[in-house]
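Student: In terms of my numbering, the sequence shown opens at residue 1 and continues consecutively.
Mixed in with the good hints there might be a few duds.
Unchecked claim - List of simulated lysine to aspartate or glutamate pairs, EDC-like, C-alpha gap at most 16 angstroms:
| id | residue 1 | residue 2 |
| --- | --- | --- |
| 1 | Lys294 | Asp338 |
| 2 | Lys395 | Asp338 |
| 3 | Lys618 | Asp630 |
| 4 | Lys395 | Glu408 |
| 5 | Lys294 | Glu326 |
| 6 | Lys618 | Asp266 |
| 7 | Lys395 | Glu375 |
| 8 | Lys294 | Asp266 |
Derived by calculation from the structure, the hints in this document are not laboratory data. Predicted, not measured: the structure shown is a model, and the values here were computed from it.
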Amino acid sequence: MSSPSERYAASRRRRGRPILVDFRAELPFALDPFQEQGCEALEDGYSVLVCAPTGAGKTVVGEFGVHLALAAHQKCFYTTPIKALSNQKYNDLVDRYGTAQVGLLTGDTAINPDAPVVVMTTEVLRNMLYVGSPALAGLGYVVMDEVHYLGDRFRGAVWEEVIIHLPAAVRLISLSATVSNAEEFGEWLVSVRGETRVIVHEERPVPLWQHVLVGTRMFDLFGPDGSSVDGQLLRQVADRTRYVDPVPNRRGGRGGRGWRPPHRPDVITRLDREGLLPAITFIFSRAGCDAAAKQCVWAGLWLTDEDERTEIDEVVDELTAEVPREDLEVLGYWEWRDGLRRGVAAHHAGLIPAFKQTVEELFVRGLVRAVFATETLALGINMPARTVVLERLTKFNGESHADVTPGEYTQLTGRAGRRGIDVEGHAVVVWSPDVDPQRVAGLASNRTYPLRSSFRPSYNMAVNLVGQMGRGQARTLLEASFAQFQADRGVAGLLAQIRRNEETLRQHAAQMQCHLGDFAEYADLRRRLGERETLLAREGARERRGAIAASLEALRRGDVIRVPRGRRAGLAVVLDPGVAPRDDPRPLVVTEGRWSGRLSLVDFPMAVDVLGSVRVPKHVNHRSPQERRDLASSLRALDLPDDVPRRPRRAGADVTGDGDAEVQRLRRALRAHPCHQCTDREQHARWGERYSRLARENEGLRRRIDGRTGSLGRTFDRICDLLDERGYLDGDETTPAGRQLARIWSETDLLTAECLRAGVWDGLDPAELAAVASSLVYEARREELLVDAMPSSAVRDALAATERIWADLADVEEQRQLPPSREPQLGFVWAMYRWARQERLDRVLGVAAERGNELSAGDFIRWCKQVLDLLEQLAAAPGPNGGASTVGAVARSAAAAIRHGVVAQSMQP
């Protein structure tokens with residue numbers, strides 16, 4: 001019970017903030033203290049940064065910003081990182097304020113864009129800022145939901161662009177998951193946005209219990225003290241490892257010999273028996289999610305009763321009514337619906353939007369009780385569960401398989417525990433022989449999740465900024481980014497390390513003193529000799545690598561070679577030489593052991609000889625076991641020697657340096673030096689080596705300081721110099737070509753603009769333009785076969801010209817030390833061409849599969865939307881000479897041709 005003075009102070013605060021009083025009166029619950037602080041700061045005129053765990057209710061502060069804007073007759077833009085979250089927030093605000101007050105703007109949807117409250121993806125707001133959209137007039141508040149997305153290495157820069165470029169009068173409401181450097185981020189916000197209040201709330205709204213499932217037994221992760229790992233768990237894991245899994249898998253695979261993961265239906269049944277459903281099981285694979293849902297269906301698992309199944313049927317019928325009936329079969333609709341009626345489902349980006357929305361709705365209603373999902377579900381979408389299950393603690397990060405970080409673990413398990421429903425939430429890690437309970441405890445207890453900027457300037461950003469404010473002011477603005485703020489802060493630590501190293505260097509110099517002469521001079525001779533010998537060895541290795549690369553580049557389809565070593569040793573037939581303009585050759589082969597994959601230079605110690613050839617079918621699918629067997633049989637039928645003689649080492653390849661004049665000179669100087677005769681020479685040398693290592697470390701630290709100080713500004717200068725050279729900028733002015741580039745918001749922005757200027761897409765029909773445009777947005781998720789035929793000669797010629805322009809641009813970027821533009825990829829060309837010609841979904845996906853590119857329906861729709869976005873930019877962009885673009889009208893027709901069937905249905909909010 002609060003004291004009379006505390007109640008009086010609270011009453012005064014309420015009278016001083018009448019809008020908050022009105023807002024609070026509309027809520028069906030009392031505000032938490034951190035929500036009160038955020039709302040009070042907003043009404044007092046400050047921007048706010050609110051950091052709180054998933055499910056804590058930080059969006060209430062964002063909704064109060066909406067309330068403030070409406071009360072002041074101002075606009076509020078509510079931004080989210082993904083379209084699904086935008087759609088969800090739009091529906092929430094429409095329920096509260098009505099359709100007349102709320103709009104929605106995403107890359108493919110525009111509803112009531114002139115409303116006072118507009119929900120949008122962050123990229124849409126960035127584009128509005130650059131073009132000076134009239135919609136910005138009267139903007140008072142911007143909510144940036146999931147602002148920690150600023151650290152995303154692919155899209156995070158957009159968040160910084162918005163924060164930096166928003167008008168100073170706009171109040172910014174930044175909502176973030178708990179990050180360990182919230183104060184640092186808040187300091188940067190103060191530097192670029194003015195007064196900003198930082199509110200950090202680390203307490204979960206629902207307590208979280210951590211468990212480990214070992215076989216069929218579930219153990220608490222922590223013991224009674226709440227900090228050390230439970231003793232029973234450690235004993236059980238030790239017993240399982242000793243008796244069940246005597247030979248661990250040293251290659252880092254799924255587990256040891258003799259170990260089998262628990263049957264997924266058994267896990268769900270166990271959770272149901274313990275009263276731990278609904279549950280989300282995170283599986284870092286789309287195929288794994290689908291397989292898990294099917295396993296539950298095949299096992300006869302039922303988590304629903306008859307009344308619930310009737311309600312599920314009604315929801316499914318309502319939310320999938322617009323899906324074309326002829327596409328249901330190829331979408332796997334009936335199997336998917338059967339799983340829903342049983343209370344199980346998969347959720348991942350491979351599902352079409354209507355299916356994902358249905359799963360989300362049924363899960364929120366408590367009708368679907370077991371969802372198998374990829375980690376994308378952890379981002380923002382409101383699907384809390386009682387329990388979260390993690391099958392593995394490693395995942396593919398886009399480049400390689402890596403361990404789950406403490407931040408990712410916190411984000412994933414943050415879904416456990418439904419506020420107002422569950423007394424407690426539960427996180428369950430499924431044990432396997434490569435899961436260490438101590439490591440799980442470290443993930444669960446470590447709250448270190450620093451926010452790191454991924455900001456870097458782009459071509460589009462450069463022309464927009466220079467066009468608005470000139471080059472000098474634009475450079476200054478970029479140096480105000482969070483990336484530069486963090487880099488400058490790190491310099492102080494590097495300077496302190498240099499000072500510590502210099503003191504240690506003085507101590508090392510004293511230890512290597514020699515009474516016979518200058519040992520520092522002698523140590524320098526030894527160092528130079530070692531560096532020269534290393535250089536010669538590297539040159540020899542580089543020559544051998546060049547010879548191997550040249551022999552691989554000469555390979556042709558059907559050539560038979562011998563892989564000399566490793567697990568793939570033996571004969572192999574080349575399916576695709578794998579020659580890329582700017583990369584080492586990586587031939588795709590099938591071996592006599594029926595393995596299929598790409599080889600690299602490391603698989604060959606010397607140049608490759610072609611031993612013969614076999615006939616390879618025109619449309620061979622290397623993933624087909626039958627086709628691999630046929631090719632392997634052809635290899636074994638060849639009459640070839642078991643081995644081939646080793647090539648003699650090329651004359652003059654001197655790896656020891658004995659024939660090098662500089663090596664001989666240094667060796668003579670070393671032997672002639674007085675210190676060479678010292679009995680303590682090697683002891684002095686050890687101190688000298690330590691001295692040299694530390695001196696090199698200091699040099700590296702100084703280079704890092706030079707690289708960090710003004711690094712973004714230097715990159716911006718190099719970009720502007722390139723744009724100046726190619727005619728997009730003229731000093732502080734943008735040219736007509738630059739104004740065209742300023743309207744292209746793509747990762748391949750400059751490549752797109754170069755193709756438009758060169759006219760290589762002129763004369764294409766709508767389907768052909770859509771196919772060519774797909775090469776600039778599509779990115780393969782896995783290795784794909786080389787596309788050896790194109791839908792038409794016009795497409796083939798346009799893509800060849802696009803490839804030549806890319807190669808020229810990449811050379812220029814390399815010369816200017818800029819990251820290369822992404823190379824066009826052809827894996828979506830056929831699918832896009834067929835779809836734009838109004839063919840059915842099953843035919844389109846079938847054609848893609850025949851050409852080695854198997855696409856899920858969800859992926860197909862996602863890439864169609866990406867192509868659609870680029871086409872609409874081409875349609876809106878001015879021509880390179882200031883007039884209308886020659887491809888603009890065709891781009892509009894191509895965009896219209898893509899909007900049919902499931903693609904059109906998926907664009908409905």
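Student: Hint by hint, work out which the structure violates, then give me just those numbers in ascending order.
Tutor: 2, 5, 6
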